[in-house]
Amino acid sequence: MTPTAGRFLRHAETARKTQLPIRIAEATPQTLALWDGYVQPHVRDAREFRFDRKWQWAALLKFHQVQETIIGLAGARRAADVRLLQAFAERADGTAFPVGQVLLACGFPFIRDWDTPSVFLWYLAAAPRQALHAAGLPPDLKLMRPLVDIAVQESYANGFEGRVGLHAARSRWNLAANRDLYNRYRHIGLAPLPGGLRASVGRRNDRRYFYLDAPLALDFARRLDYLR
Amino acid sequence: MAAITHVRNQHAALTPGSGDDLGERLAALAADLFSADAATRAVERAFLERLLRILALTPHEVHDLAVAGRLSGMLPPDPPGNATPVRFSDIPGWREPK
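Order-wise, the sequence lines are chains A and B.
Residue numbers are given in the working numbering: position 89 of the first sequence equals residue 89, and the series is strictly consecutive.
Residue numbers are given in the working numbering: position 43 of the second sequence equals residue 43, and the series is strictly consecutive.
Incorrect hints may have been included.
[As the list claims (entries may be wrong)] Per the computed footprint, the stretches of chain B lying under chain A, defined by three or more beta-carbons under 8 Å from a beta-carbon of chain A, are:
1) 54 to 67
2) 90 to 97
[To be verified] Which residues of chain A face chain B? A few of them, derived with a C-beta cut under 8 Å, are:
3) ILE24
4) GLU26
5) TRP55
6) LEU85
Don't read these hints as lab results, they were simulated from the structure.
Every residue, glycine too, gets a C-beta built ideally from N, C-alpha and C.
Start from the sequences, fold in the hints, and give me the full structure.
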């Protein structure tokens, strides 16, 4: 364990280096409806390319929960605990606004060492600038690091030493978006899974898997300590 | 409809939890497929085959389908939830001491 372990961020930063209080919480049907009602429409209508344009978060959560349950019952491996966590900011009227969310599988085999548990970050989404603007929040809020940090802290909280895995989404036709997402994960300190390793049983490595092992996670988390 | 009831009960046993309505949605999907005059064994088999295709996906395959925007076609859309505002101060911080 480290001094940063299990301490979720209390602030997020804008591109102008101003800070905004945030709170991390597990999604409820009510708070997920806030995302569906006030964020997802902006995601669908965004002019820029978005991987999450057609994501239905409630369905994704249930799909993965059911799958993990079946995997556990079948004895293939221990079932991972699937959780949907959200980051909220406070609007001027005191209400909470979901600015980002992640779907995690806690206890998923680590992609660098399948015998070791980790947190796999299946889905990550930040509210688009238009949604933040409409909510009266700074549209230049920087959220990728804070959202990945949720997975890191959840890994610490579960005793997985910060180990995290994820797959950078890939579009069949938008190669620029693929490249941009890959570079952003690298830029924030995630390591690409070496080409000679498979990501999972029966799953080829398409060179878009990333991970944080214990040393990398510690470095990643420490860089955000000023926001905890 | 016996198969549908069985599937619904099986799902409830697999994933007990408050607010989990997937079983109900599967039943609704079944209701769309079945009608009083079309409740044949072939239709029932078609539904179960579709359900099994969904359940046979690996987590990585679900991720692939979601990213490709093709997952939403496999289940009926979620009914709109109750997006009642929540006060920021009432958000229970995850893993924070009460």
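The hints, checked one at a time:
no., hint, verdict
1, 54 to 67, "holds (count 10)"
2, 90 to 97, "holds (count 7)"
3, ILE24, "5 Å, holds"
4, GLU26, "6 Å, holds"
5, TRP55, "6 Å, holds"
6, LEU85, "6 Å, holds"
Going through the hint list in order, the structure satisfies each hint without exception.
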